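J.: The residues making up each chain are set out below.
Protein chains: 2
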Amino acid sequence: MLRFSRHFGTSLRSLANPSRVARASTSHPVPSNPQMAFPCLDRIEKKNALLQLKPAANSMESGPEPSYSRIQSGYKTFHLKEPIFLDYGGYLPEFKIAYESWGTLNAAKDNMILVHTGLSASSHAKSQEANPAPGWWENFIGAGKYLDTDKYFIVCTNAIGGCYGSTGPSSFDPADGERYATRFPILSINDMVRAQHCMVTEEFGVAKLFASIGASMGGMQSLAYASEFPEAVGKVVSISGCARSHPYSIAMRHCQRQVLMADANWNRGFYYDGVPPHVGMKLAREIATITYRSGPEWELRFGRNRADNSQSPALCPDFLVETYLDHQGEKFSLEYDANSLLYGSKAMDLFDLGIKNRSRALKKRTETESQNLGQGQTGVCALPSQPYQEKHQATETPEESLNDLVQGLKPISHKQILVIGVESDILFPVWQQREIAEVLRKGGDGRGIEYHELTNEDSMYGHDSFLLALDDIGGPVRRFLEKASVE
Amino acid sequence: MLRFSRHFGTSLRSLANPSRVARASTSHPVPSNPQMAFPCLDRIEKKNALLQLKPAANSMESGPEPSYSRIQSGYKTFHLKEPIFLDYGGYLPEFKIAYESWGTLNAAKDNMILVHTGLSASSHAKSQEANPAPGWWENFIGAGKYLDTDKYFIVCTNAIGGCYGSTGPSSFDPADGERYATRFPILSINDMVRAQHCMVTEEFGVAKLFASIGASMGGMQSLAYASEFPEAVGKVVSISGCARSHPYSIAMRHCQRQVLMADANWNRGFYYDGVPPHVGMKLAREIATITYRSGPEWELRFGRNRADNSQSPALCPDFLVETYLDHQGEKFSLEYDANSLLYGSKAMDLFDLGIKNRSRALKKRTETESQNLGQGQTGVCALPSQPYQEKHQATETPEESLNDLVQGLKPISHKQILVIGVESDILFPVWQQREIAEVLRKGGDGRGIEYHELTNEDSMYGHDSFLLALDDIGGPVRRFLEKASVE
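Protein sequence lines, in the order shown, are assigned to chains A and B.
Mapped onto this note's numbering, the consecutive letters of the first sequence carry residue numbers 1 to 487.
Mapped onto this note's numbering, the consecutive letters of the second sequence carry residue numbers 1 to 487.
Among these hints, one or two may not hold up.
To be verified - Covered, in the sense of this in silico footprint (three residues per stretch, anywhere, with C-beta under 8 Å from a C-beta of chain A), are these stretches of chain B:
no.: 1; stretch: 86-99
no.: 2; stretch: 135-146
no.: 3; stretch: 174-182
no.: 4; stretch: 245-255
no.: 5; stretch: 403-409
no.: 6; stretch: 453-465
Said to hold, decoys possible - Cβ-to-Cβ under 7 Å is the rule here; a few derived chain A residues that face chain B:
no.: 7; residue: M36
no.: 8; residue: I250
no.: 9; residue: H254
Calculated from the structure, these hints are not laboratory results.
On a predicted model such as this, the values are computed, not experimentally measured, just so you know.
Glycine included, every Cβ here is placed at the ideal spot set by N, Cα and C.
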């Protein structure tokens, strides 16, 4: 035993009979260590069984509605029974937009603020008579609040592609009466705002918004709306957004999509009458949650604490940060339509307000329309048949790339635009918001362009700061809205 | 058509007959848009079918060996037929360590450098006679290179828990002759280095290493080795490592584990005779790949380029960065044992050289040993029965937390230690390497502690810089090794 003691000296107390360790089996060999338990997988299996027993609970075919329909009610619907042609060649023969409003549209119809949401949010930004539940920006909007309903008429929509009342992949295609599922066309952020513009003019008769405001995907939309219809917007506020997506964000969303699509229950998008891909959704949300927050916040909030220090470590969640992610994923897994997530996530990847991309999209839409459309022009996605190879493409220089954005945003560079960035954001890093301000200033005289940055001292909440650091975001927004218009 | 033209004005060219758009169905209704194709899923299904036809190709039970065994050959094996007791209560009745070496051990036996690997690397750091394939640090090690084989005797091991020749979950438990799978005990980084220490003393008769060197998980091990056996190490080099894991890294690894464990083929770890969880492995590797590189590098390398601009956008990979991730995942999916990934990843999460954690581990090992072990003392993992709740735990203050590390590392604070950090690393952010240097300096007179940082200008390769920015890492390492010893 000498050799043994030498290696494990300080920790070895007694080992009376080494042969007992190897435990030569008699009739019933016992493994050296017990089988690990997997309560997280047990739970998934139990949930699967439950969902299989009650498919109706997760089908929109028959009641009760799925949770993502149930949690949303009390919205109004704008329904345009005309086709909308999309940036990447598809079209919708008609569409609906779910919206809610707060405050009153004045007689001059010049006090309307359109609030754009993040990827998975509904039109329910704030409680209202028809739905008294707190909204996702409950304390940001209201009488005397940052978006003051005593002054402004606030409207929030569920973007097309969503599942909270607007036309999306879970809607029925009027052409054949079946759900779109993955026959839904690829959407762009600009498609979403063109649909919103129809609603603004048709439903409210508003020719020019007082302001277009949004954060995250909404921060893309607020810029895109102005960019598509420069004369139809007064002021623009873009919070934690960007002028085009960058590869790190694309990579993070890519992983979410692939994880979701790998869930057999996703069934290439046709899951509406079966068990929904709740595991894929849960995992995708866990990845997303990492991108929504910041390391320093978690350091303070969770540190290295384990959920239960008396338990042995496990492969199922056991650090506190793991149980937090698990909970966030679980909560979301049946709250949102998986296909809506995929299409919205892809639209964010594709976002690019550079002049080249805008021109390509216009050309594509024009082609589709002139071909009289709907005949299957949506190109079918293809994976390169060759395995990945590093391509030494003639890429743009950083200057050319920047200039592409300057040109793309030139039509709105003379406007009053507030850009807000958050230093602790890892999904839309702050250089992207600085970039928006930079290209806007380069495209015009820069007088109307304001840039405000929340430092790590202001907010450690990362990308989610617009939901959590209301004062730090709201203060600059209110001051900006109250400023005299230059137009 | 007026209203229509107003909304889609610039892009509308002609819409001869709107009723054709809605396409009232005759006998065979045609959807508005075609079904999207999913070549990435087609490929997975094809691979599944192939693996089902040829299970032997992925089983270690019968030839041919799985690819993760095939790619590794020509190593030597240290086999200790005595039990090793582990930090979290489990034990291995015996164990093997695969190793390779370069250079010659001198007569004084004082020129040995132990190289610790990253999570999924083998002992094949460099080509050698028995395996002429290039190693993972091929150009770092060699005659006249940064780790100079003319001077030093370099040894690299596959850590226990791995699948490249050392005892891991794919090994057979001598107690019952079955594979460990998830009956393998939870490992710690310190367990790995205690096993290595047996090899160093038994196999080579070396009482004191000239240096303990490693990057990433190896950067944890190089510190842990010194920390477990202060008198058995001369110099220490820790590259892109940390003194304890932080919640952001834990979160990223958590997602990888959950994605992998959600693959039905993983089968709670018992997949060795069936189709391996290649999809889960692929997805886990894609997430990992994001953490290994940096945004700025991808900005330059991929930008927003799509793999094939002539194709319509797709939900399967289509941006160049997506095809890159897809390829990295695919390549890895059968190259490494899934259970080894899970256990290694968990060991990294659990890494904490603070005095409290070290004391707990020692207590646990002592208990297990004194109970004469192997009777199932490995606590079974448990998910908290209550759903996630924010716990307002009495957490340590940042000062207390730092002091815990200072005390934990005090036994090696007098040593010569080089810590290298990389500014662009998002997995082991540079504040963690600064922290190592800080706590080492606080624990002693600080004279032997050196800190070197690669700025974004030096390397944009993030966590992978130790594999790619050889000159920037190697220069400081060589100078440090050549300095006169203080002991």
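J.: If a hint holds in the structure, say so; if it does not, say that too.
T.: Okay, the hints, checked on the actual structure:
1. 86-99: holds (count 7)
2. 135-146: violated (count 0)
3. 174-182: holds (count 7)
4. 245-255: Coverage by chain A holds for the stretch 245-255 of chain B (9 residues, Cβ < 8 Å).
5. 403-409: violated (count 0)
6. 453-465: Our answer is that it is violated, as 0 residues pass the Cβ test (under 8 Å) against chain A, missing three.
7. M36: holds (5 Å)
8. I250: Since the shortest Cβ distance to chain B is 5 Å, the answer is holds.
9. H254: With a minimum Cβ separation of about 5 Å from chain B (threshold 7 Å), the hint on H254(A) holds.
Hints 2, 5 and 6 from the earlier list are contradicted by this structure; the remaining hints agree with it.
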